[in-house]
Amino acid sequence: MPVQVTPEASTVMFVSLGIYFVIVLIIGIILERFVKSVADYFLGGRRLGPYVIAFSERASEMSGWVGLGLPGEGFTSGINATWNTIGCFMGIGDLGVWTLMAKRLRRYTEVVGALTIPSYLEARFNDTKGVLRFTSAVIIILFLTAYVGAQFTAAAKVFSAIAGGGSVTTWIVVGAIIMILYTVLGGFFAVCWTDFVQGWWALIGLLIITSVGLAKYGGFGGLFQKMAETDPTLVNLNCFWGYEYIPALVLVNILAYIAIGFGWPGNPHIIVRFMGIKKVKDMKKAAVTALLLLLVVYYLAQSVGWLARVEFGSADNLVVPGDPEYSLQSLAISWLPPAAAGIILAAPLALMMSTADSQLLVSASAIIEDIYHRFINPKAEERKLVLWSRITTFLLGIIALIWALFFGESVYLFVLFAWGGLGAAFGSIMLLSLRWKRITTTGALQEWLLVQPQLLFGRVMRRD
Amino acid sequence: MAADATVATQFFVIQVVVQIIVMIICIWLSDLLKD
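Chains as they are written, first to last, in this note's numbering: chain A, 27 to 490; chain B, 5 to 39.
What the hints contain is simulated information worked out from the structure, not anything from laboratory work.
One thing to keep in mind: the hints can contain errors.
[To be verified] Simulated restraints on C-beta separations:
id	chain 1	residue 1	chain 2	residue 2	range
1	A	282	B	10	22 to 32 Å
2	B	17	A	77	22 to 32 Å
3	A	340	B	37	43 to 53 Å
4	A	139	B	14	45 to 55 Å
5	A	242	B	17	15 to 25 Å
6	B	32	A	408	36 to 46 Å
7	A	466	B	32	30 to 40 Å
Beta carbons: idealized from backbone N, C-alpha and C, even for Gly.
Sequences are here, hints too, so could you generate the full structure?
See the structure below:
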């Protein structure tokens, strides 16, 4: 019997969510007065502390994929879903970018006065014609707008679950308006602080629901025992997604999970966070905080999927039957009173919102700093640039909303496309440009010419 | 079945511990600790 949502419970949950959104909007409005220059808007004037930067870096990456996707993966794949965490942590994932890139990127971008990744590349490669800067700005706009649209759609799916089903279109618009508004108002400064709040919210939300579950099933030992009784493939290390594989294919599956981490160095909405820290010597505090936060949140998210599998047995018993990505929503609705469930369900929304706002900001900076300020009007006044940045952020949000409205569920597929696209476009170039003196402009352009057509071709083929 | 659950528990604990140790080593070897 699927989890049911009564109209009264639905109302109470929406009121709880409403309170959460008001808090986030107020933060955006309060922080608006700190924005006086384009550097303030895009990098918070490089005056943010290590813990705000750490939470912001985590919240920018942990999107709906962590809030809904990882529980779904845990639900289907059991213990082997944890290879995902290992890949994201160690497979040149977050550990790689903090230890190999963060400090050098922060120092170098301040010395050359770069506010964006494309402007860093221009300075690093001494690219006087701006070819690298223009090309990288276009790649960022292309991939990140689709990524933002996917976050709007994912948020709408949470709203629609609370409402007990129905059309997601209205909820896409509601989520988009809230996210666009506070990003336009506050810029990087507001986004980092709201990310800080949202990071905590997501952590506490996942912690509460997991604690309730682990107390019920007797800790992880008891939970794994229950998982074995529910479906033995969930605790078998040779089984993925319910099927047993031969050793060679087990290795292939593990490598596929670990490869997700390779996208990390190339996703500008994540690595741009390193550039906003006030003191370079505080980078180690930020690194340790962010890395521990990744481990805790990823494992909590996977545990949610395991608990949902043991509690409901089959995906057909979830609040929206057949979709394991409704694990968290189903547990919150069936285990907690509606007001508490609403607060818990703000956690995945916090993850989606904090990713979408960061991506909107990076896309706007690509247009204003890397195209308008660099090629069209190099002498533009600061005040005008901030105004144009806000207008551009708003317009990009609308474009992302159109993506979400017109492509609906298929937008979700673009998350994988965008993550891989950005990782392939910037990953090795960013890593090598910070660690290897002999990399050249020609080398960087050759990589784009070789990799990007393959990605686009692959996407077209998959669509067919 | 029970044996699989025990192996899964051990795998889970070991991977958490190994990742924390690798994190400490990587931060120690990186330039994060150098001023």
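Could you check the hint for me, namely that residue 139 of chain A and residue 14 of chain B are 45 to 55 Å apart, CB to CB?
With a Cβ separation near 52 Å, residue 139 of chain A and residue 14 of chain B satisfy 45 to 55 Å, so the hint holds.
Within 30 to 40 Å or not, the Cβ separation of residue 466 of chain A and residue 32 of chain B?
33 Å, holds
At the C-beta level, are residue 32 of chain B and residue 408 of chain A separated by a distance inside 36 to 46 Å?
42 Å, holds
Does 22 to 32 Å hold as the CB distance between residue 282 of chain A and residue 10 of chain B, or does it fail?
Hint holds: Cβ distance 27 Å, inside 22 to 32 Å.
For the range 22 to 32 Å, tell me whether the beta carbons of residue 17 of chain B and residue 77 of chain A fit it or not.
28 Å, holds
Using the beta carbons of residue 340 of chain A and residue 37 of chain B, state whether their distance is inside 43 to 53 Å or not.
Holds, since residue 340 of chain A and residue 37 of chain B (Cβ atoms, about 50 Å apart) stay within the stated range.
Could you say whether the range 15 to 25 Å given as a hint is met by the Cβ separation of residue 242 of chain A and residue 17 of chain B?
Check passed, 21 Å falls within 15 to 25 Å.
Violated hints: none; the structure is consistent with every hint.
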